[in-house]
Every structure is written in C-alpha cells, then in structure tokens.
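Residue numbers (my numbering), protein chains in the order written: chain F, 1 to 233; chain P, 1 to 233; chain S, 1 to 233; chain R, 1 to 233.
Please note that a few of the clues may not be correct.
Identical copies go unnamed one by one, so any copy, or any two together, can satisfy a pair.
Distance condition first, Cα-Cα at most 30 Å in a straight line; then the derived DSSO-like pairs of lysine-lysine [to be verified]:
1. K218 to K33
2. K33 to K79
3. K33 to K148
4. K79 to K218
5. K148 to K79
Think of the hints as simulated: they come from the structure by calculation, not from any bench.
Protein chains: 4
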Amino acid sequence: MSDFTLPRRLVAEALGTAMLVGTVVGSGIMADKLSDDVAVSLLGNTIPTGAILVVLITMLGPISGAHFNPAVTFVFWLKRELGLAVAGAYIASQILGGICGSLTAHVMFELPVWQASTTVRTGEAQWVAEVVATFGLLASILAGIRFKAEAVPWLVGLYITAAYWFTASTSFANPAVAIARAFTDTFAGIRPVDLPGFIVAEFIGAAIALVLFTWLLKTRSETASRSAATSVR
Amino acid sequence: MSDFTLPRRLVAEALGTAMLVGTVVGSGIMADKLSDDVAVSLLGNTIPTGAILVVLITMLGPISGAHFNPAVTFVFWLKRELGLAVAGAYIASQILGGICGSLTAHVMFELPVWQASTTVRTGEAQWVAEVVATFGLLASILAGIRFKAEAVPWLVGLYITAAYWFTASTSFANPAVAIARAFTDTFAGIRPVDLPGFIVAEFIGAAIALVLFTWLLKTRSETASRSAATSVR
Amino acid sequence: MSDFTLPRRLVAEALGTAMLVGTVVGSGIMADKLSDDVAVSLLGNTIPTGAILVVLITMLGPISGAHFNPAVTFVFWLKRELGLAVAGAYIASQILGGICGSLTAHVMFELPVWQASTTVRTGEAQWVAEVVATFGLLASILAGIRFKAEAVPWLVGLYITAAYWFTASTSFANPAVAIARAFTDTFAGIRPVDLPGFIVAEFIGAAIALVLFTWLLKTRSETASRSAATSVR
Amino acid sequence: MSDFTLPRRLVAEALGTAMLVGTVVGSGIMADKLSDDVAVSLLGNTIPTGAILVVLITMLGPISGAHFNPAVTFVFWLKRELGLAVAGAYIASQILGGICGSLTAHVMFELPVWQASTTVRTGEAQWVAEVVATFGLLASILAGIRFKAEAVPWLVGLYITAAYWFTASTSFANPAVAIARAFTDTFAGIRPVDLPGFIVAEFIGAAIALVLFTWLLKTRSETASRSAATSVR
C-alpha cells in the first residue's frame with residue numbers, strides 16, 4: 001500500500017500531467033512565436049519538456065509513482081502493481097489534468113481558452129513513430145526501475161529529449177498528453193480525429209516493451225529458479 | 001541554529017542573488033546582441049540561468065539555504081523556519097545583491113551603470129503566468145526538500161529552464177530578481193511601474209504552493225497520528 | 001560470468017546500438033528538414049545523441065556492459081574481459097542492430113528503407129579527427145570505470161556531445177555506427193567507400209587510449225607491488 | 001602525498017588542458033563555420049565546453065586534481081596544498097598541453113597548424129569580466145570542495161556554461177587556456193598582446209575568491225575554536 005492516500009495520489013497525477021502539458025504546449029507557443037526557424041522552435045520545446053520531466057518525476061514520484069501517462073499506468077496494471085479501479089482513476093486524473101494544462105497555457109498566452117487542433121498527424125509512418133517512441137519510453141522506465149530507480153527521472157527526461165527529434169511524430173508517447181494536445185491549435189497540437197491512431201500505437205509500443213523487457217531483465221539465477229520450480233511440478 | 005553566523009548567511013544571500021541576476025541580465029545582453037532570432041536569444045538566456053542556479057544553490061545552500069528569492073524566504077518564514085528579523089534581513093540582502101548584479105552586468109558590457117527598464121510587462125495574462133511560475137518553483141522546492149534534498153539545486157535549475165519557456169512572462173518568479181531587472185533597460189528588463197503586479201502575483205503563487213503541498217506531502221501515518229492526537233483531546 | 005545469459009546480452013547490444021543509430025540518423029533527418037542553419041541542425045543532432053547515450057548505457061549496461069561499439073568491445077577483449085567468441089558475437093550484434101536503426105529511422109520519416117550514403121568523409125584531417133574522437137571516448141570510459149563507474153553513462157553522453165563539435169568528422173568514434181550510417185543518404189550519412197579509413201582510425205584511437213591509460217591509471221602502490229613482484233623473480 | 005606519481009599527474013594536467021582547449025577551439029571553428037548567427041555559434045561553443053569539463057574533471061581529478069588552469073593551481077599553492085616546484089610543473093604542463101590542444105584542432109580542421117590570433121580582446125570592461133569570471137570559477141570550486149566534492153565536475157562545467165554568456169569576455173577564466181587561444185586565429189582566439197591584461201585579471205579574480213571564501217566557509221565552531229586558541233595565548 002502506498003504511503004499516500006488515494007486522493008493525494010490522484011491530485012499528484014493530475015497536477016503532474018497538467019504541469020507537463022502546460023510545459024509542452026506553453027513552450028511550443030513561446031518557441032513558435034519567437035522564431036522562424038522550426039528547428040530552433042523545436043529546441044525551445046524540447047529542452048523545457050525534458051527539464052520539467054526530471055523535476056515532476058522527482059517531486060511527485062514518491063506520492064503517486066509519477067506516471068502522468070495512461071500507457072505507463074496500463075503497463076503497471078498489467079504487472080499487477082495497480083488494481084483496475086485505481087488504474088482507471090489514475091488515467092481519468094491524467095486526462096483531466098492534461099486538459100487543464102492546455103487551458104492554462106492558453107490563459108497565460110492570451111489565447112482563446114477552448115481550442116481544437118487542426119494539425120494533421122496521421123499515417124503509417126507517424127504510427128510506427130509512436131510505437132517506437134512509447135516502446136523506448138517504457139523500456140527506459142522498466143530497465144531504470146530494475147537497475148537504478150533513483151535515475152528514472154533523468155532517464156525519462158533525457159529519453160523524451162532525444163525522442164522529440166528521432167521520431168517523425170516528435171514523440172507524444174502518452175495518450176493523456178495526446179488528448180490534451182488535441183485541445184490546442186498551436187505548435188504542439190494534434191487534430192482530434194487523429195487521436196485514435198496515436199493512442200492505439202502508444203499502447204502497442206508500451207505492450208511490446210513490457211513483453212521484451214520481462215524477458216530481457218531476467219538474470220541467470222531468476223531463470224534457473226523458475227526452471228527448478230517448473231521441473232518440481 | 002545554522003552552522004554559519006548571520007553575517008555569513010546574509011553575504012551568501014547577497015552574493016548568490018548578485019550572481020543569479022548577473023547571469024540573467026548579462027546573458028540576456030549577450031544573447032540579444034548576438035542574434036536576430038529571439039528564440040535563440042532566449043535559449044542563450046535560459047541555459048546559463050538554469051546552469052548557474054545549480055551551481056549557486058549547491059555552493060551556498062549549506063550556508064544560508066540559498067533562497068536568493070523573497071518568495072522563498074516568505075514561505076520558510078510561514079513554515080516557522082526563519083524568524084521575522086532574519087527573514088527581513090535575508091530579503092534586504094537579496095534585493096541589494098540583485099541590484100549589484102544588474103550594475104555589474106552593465107559594467108562588464110560597457111553600458112551605462114544606472115538604468116531604468118522601459119520593457120512593458122503587465123496585464124492579467126502576465127500575472128497569471130507569474131502565479132503559475134512561482135507556484136511551480138515553490139512546489140519543486142517543497143517536494144524536493146521533502147523527498148530528495150540533495151537534488152534541490154538540480155530541481156530549481158531545471159524548473160527555471162522550463163519555466164522561461166512555458167510562461168508568457170518568461171518566469172521571473174522572484175521579487176528580488178524582478179526589482180533588480182527593473183534596473184536594466186536590456187533584454188531581461190521590466191518597467192519599474194510593472195513591478196507591483198509581478199511581485200504580488202509571485203507571493204500569491206508561493207502561498208498557494210505552500211497550502212497545496214502542506215496537504216499533498218502528508219503521508220498516511222502523519223495524517224493518522226494527527227487524527228489520533230486530535231481525538232485524544 | 002555475467003548475471004545475464006549470452007542471448008540477452010546480445011539482444012541488449014543489438015537493441016542499444018539500434019536505438020543509438022536510430023537517434024543519430026532520425027534526429028539528423030529531423031534537424032536537417034527543419035532548419036537552414038547547419039549549426040542549428042547539428043545542435044538538434046547533438047543533444048538527442050548525448051541524451052540517449054545516458055539513457056541506453058544506464059538501462060542496458062548492467063546486462064551487456066552497454067558497449068554498442070566494436071572499438072569498445074575490442075578494448076575489453078584486449079583487457080581479457082571478453083573472450084574472442086563473445087567479442088565477435090557482440091560486434092556482429094552491434095552491426096546488425098545499427099543497420100536496423102538506420103532502416104527504422106527511414107520508415108518513421110517515410111524515406112526509402114534501403115539507401116547508400118553519398119556523403120564524402122575522407123582525408124587525413126578526418127582520420128586524425130576519428131583517432132582523436134575515439135581516443136577520447138575510450139579514455140573517458142577507462143578512467144570512468146576506474147574512478148566512478150556509476151558516472152560512465154553521463155561521461156559518455158557528455159563526451160559525445162562535446163566531440164560532435166570539436167572534431168571535424170563530428171565524431172563517429174564507433175565502427176558499428178559508421179557502418180550503419182553508410183546505409184542512410186541523409187544528414188548523418190557516410191559513403192560506404194569511406195568506411196575503411198574511419199574504422200581503422202577508430203581502432204587506432206581506441207588502442208592508443210588503452211596503452212596510455214593502462215600506464216596513467218596505475219597508482220603508486222600498484223607500481224610498487226609490481227616492481228616488488230618483478231624483483232622477486 | 002597523491003596516490004599517483006608526479007609524471008602521471010603532469011601528464012594528466014597536460015592531457016586535460018589539451019582536451020579542454022581542443023574542445024574550446026575545435027567547437028569554435030565548427031560552430032563559426034556552420035552558422036551565420038553568432039549566438040548559435042556561441043551555443044555550439046558553450047555546450048561542448050561545459051560537457052567536456054564534466055568529463056575531464058571526473059576522469060582526471062583523482063590523478064592530478066584536474067586543475068587544467070594556472071589560476072586554480074595558484075590558489076591551491078596559496079592554500080599550501082601544493083609546493084612551489086609542483087605548482088610550477090603543473091602550470092608548465094597546462095600551458096604546453098593547452099598549446100597542443102590548439103594545434104590539434106587546426107590539424108583536424110585542415111587549417112595552418114601555427115597561427116597567431118588577431119582577435120582584439122582588451123579594455124577595462126573585458127578585464128572586469130575576467131575578474132568576475134575567475135572569481136566565480138574559484139568560488140564554485142572552493143565551496144564545492146568544501147560541501148560536495150563529488151559535484152565539482154558538474155559545478156565547473158555548469159559554471160563555465162553560464163559564464164560564457166554572462167561575461168562580456170565569454171569567460172576565459174584560465175591563463176593557460178588564454179595562452180593557448182592566442183595560438184589560434186579562429187572564433188576562440190585572443191591577440192597575444194591582449195594576454196597580459198586577461199592573465200592579470202584572472203589571477204586577481206582567483207585571489208579575491210580565495211580571500212572571500214576563506215572567511216565565508218568558516219562555521220561557527222571553527223570560528224569559536226580559533227577564538228579560543230587565540231585567547232589561550
């Protein structure tokens with residue numbers, strides 16, 4: 001049982017996702033407004049996003065685990081570390097928090113509060129990119145927790161810093177963030193109609209990471225003791 | 001009682017705020033002079049600011065706590081970790097140090113030493129941005145101290161790196177730095193007449209963070225023992 | 001003997017090299033597409049590469065040692081930490097993984113999957129650059145392992161971040177990555193015919209680092225006991 | 001007595017300074033060649049320099065202390081941690097290593113090996129900047145060693161990252177590096193005739209840091225025991 005009550009954990013998930021989306025959307029608006037060079041804008045979007053992830057996971061991880069991401073919650077539910085009801089409440093909090101993040105960014109930048117994105121992000125290449133992006137994110141988290149738990153905030157922040165650039169989709173890798181980004185017609189937006197493709201791809205990438213890393217992270221002795229247990233039956 | 005005498009602590013606060021403001025103002029001048037792309041200039045302003053914060057908090061934190069910020073001192077006074085007289089002396093040192101930082105930057109860049117900013121920074125959107133920025137800063141500090149004190153220099157440096165971009169105000173989040181920035185008519189400046197709005201917003205953001213995180217950071221056992229204590233009465 | 005079985009170690013080497021090359025090639029494509037300023041593109045190539053190296057070495061190091069680089073495997077074979085067969089299997093996995101990384105990047109960016117680079121990278125200056133780059137990489141690794149093993153992911157990530165800029169060749173410093181980059185006619189490519197010069201230079205740089213650092217890292221007591229051992233004979 | 005023999009320590013100082021200067025000069029050439037935006041070039045010069053400092057100090061610090069800087073060696077000599085002969089040998093190694101770094105950068109970039117800079121860097125503002133820059137560097141080192149020795153590589157790397165931007169001189173802060181930079185007529189150069197002003201300013205900044213931090217870093221108990229010792233006499 002967590003050291004913190006469920007309401008606190010849900011507030012942590014909502015607040016963390018709100019601050020994450022506020023950073024993604026807000027820095028996107030700022031960067032886009034200030035530069036004509038899209039690579040400079042993407043740097044101005046990448047560096048803040050990577051930085052805030054390190055901060056948010058360090059400060060809220062001990063409360064809720066700092067998922068901020070339904071694909072992460074889904075994997076921990078598959079690993080039986082969360083029950084179905086808690087996982088559902090986590091995901092609802094993430095989505096609500098994320099949308100608040102977009103709206104807050106609009107308020108800060110004097111834009112219409114409610115928006116719907118018109119940025120097209122669809123097609124097989126984008127979906128492959130999201131599978132890859134989310135696979136890598138979960139791989140970092142699963143291996144990080146296994147080998148060096150205190151480094152996970154850095155691993156996630158640095159992974160996303162890289163993934164913004166090596167994936168053609170700029171690596172959403174997060175269904176709650178994707179939904180929240182459908183609510184902004186700015187640099188970071190995604191057309192609502194393109195959400196299903198992204199979200200499905202993200203869950204697939206997460207599931208692949210879980211399968212591969214469940215095998216990969218098993219030591220000789222764990223494999224041996226399991227074989228022993230099997231042969232006894 | 002601190003390991004260090006009050007004069008040393010006040011010198012640490014003044015020196016740290018001076019070096020922080022010197023970096024904010026100096027890198028702003030340099031970046032503005034070298035580029036026509038404002039996003040590039042903001043990168044050249046962000047990266048040094050984030051970097052120096054990690055350095056200053058690590059090197060002066062053990063002496064004074066490395067507040068460099070009246071909003072932080074205010075929160076620690078509310079938490080009863082500083083008396084009123086010491087808190088006042090801290091804030092005075094921060095303001096004096098900050099102004100010295102602006103003046104030193106001017107000397108290094110051969111600009112008139114005494115200046116008053118003409119950069120307009122006002123309006124509800126900017127004030128909301130400062131509330132959000134200072135809320136996030138104090139949230140990082142309060143949760144950081146609670147869960148991973150040795151990471152606080154990094155949390156603050158990375159948080160400000162992000163907040164420069166996700167807030168429309170470029171995240172002053174610090175009344176002493178704001179005052180010092182009124183003394184420079186360069187990239188980082190703010191009109192003196194716009195100071196009150198910023199400063200009030202910053203203290204509000206800090207207070208909200210204190211209220212929310214006082215609740216959020218309470219574990220089950222802390223909540224239980226408090227209830228027990230209450231029911232005994 | 002490693003805690004992990006050989007198949008897991010080889011998968012770790014292949015996966016890590018694939019993700020490394022995917023980042024190098026993918027971020028190169030993204031950066032090149034988004035900017036006309038080649039220095040901005042190189043920043044957009046450098047930052048992701050440095051970041052992913054920290055992640056990959058932290059997450060896969062405990063499984064395979066996280067070489068992802070035949071020059072590194074070569075040095076550990078010279079140091080007798082790997083047998084010839086395992087070293088060969090490592091190198092084959094790295095090369096296969098690296099090529100998969102290039103192809104995956106092409107799929108994500110909707111480019112022809114199979115390509116051959118036409119980017120000329122040859123000549124003495126480039127070879128000297130590769131000797132220097134690989135010397136520095138191995139120096140960081142050998143000294144890092146000796147003095148602060150947990151810092152090695154950071155040392156490698158930061159070293160490559162620097163070396164992208166201080167070497168005229170942008171620091172391939174890795175024969176498997178060089179081969180994989182011959183399979184892409186994008187920002188990060190290298191003509192297949194230019195591979196031998198690069199690969200030879202890289203192994204030379206690695207060997208020089210091993211010789212120099214074997215001497216440099218010896219303490220007084222190690223030197224003394226060796227002399228004692230010699231004089232007994 | 002150091003764990004390492006003097007020849008190893010001198011090689012470490014020469015190699016480290018060579019790699020530092022190679023990075024400063026090499027990344028300056030690369031950045032200048034690739035961009036028309038001087039702020040972008042300075043980013044391409046700053047990020048590698050900060051990164052390599054973390055690497056070099058981590059990997060060579062345990063051997064020689066990783067000064068790579070006569071102003072640092074001077075301060076440790078004043079603190080009686082090095083004798084005069086060793087300090088002199090350190091400084092000679094740093095200067096020789098630094099010059100090798102410039103020459104190696106020229107070879108890698110196919111430029112004339114021997115050059116003399118024509119870049120004017122003189123005047124009171126520049127000298128004030130160098131005093132400030134070197135003061136801050138030594139402050140970071142002295143406080144870092146006192147409070148968190150394992151963080152010193154990061155403190156120095158991050159400090160220089162900031163100081164490149166907040167000082168008008170781009171923060172040489174190092175007499176050996178300054179001398180080596182007089183040997184290159186590229187982005188990072190300095191006219192030989194301007195060296196004395198920079199070098200004197202750097203030693204002054206270092207001395208001020210030593211005086212201020214000797215006082216600032218003294219705890220109550222250290223102050224008390226000293227007073228006691230004095231009153232006994």
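We went through each hint and held it up to the structure:
With identical chains, the CA atoms of K218 and K33 are never at most 30 Å apart, being 48 Å at best within one copy and 41 Å at best between copies. Taking the shortest Cα distances, K33 and K79 never come within 30 Å of each other, neither inside one copy (43 Å) nor across copies (40 Å). Taking the closest pair of Cα atoms, K33 and K148 never come within 30 Å of each other, the shortest separation being 39 Å inside a single copy and 36 Å across copies. In this assembly of identical chains, K79 and K218 lie within 30 Å of each other by CA distance both inside one copy and across copies; the values are 15 Å within and 27 Å between.
Taking the shortest Cα distances, K148 and K79 sit within 30 Å of each other both inside one copy (19 Å) and across copies (27 Å).
The structure shown violates the earlier hints numbered 1, 2, 3.
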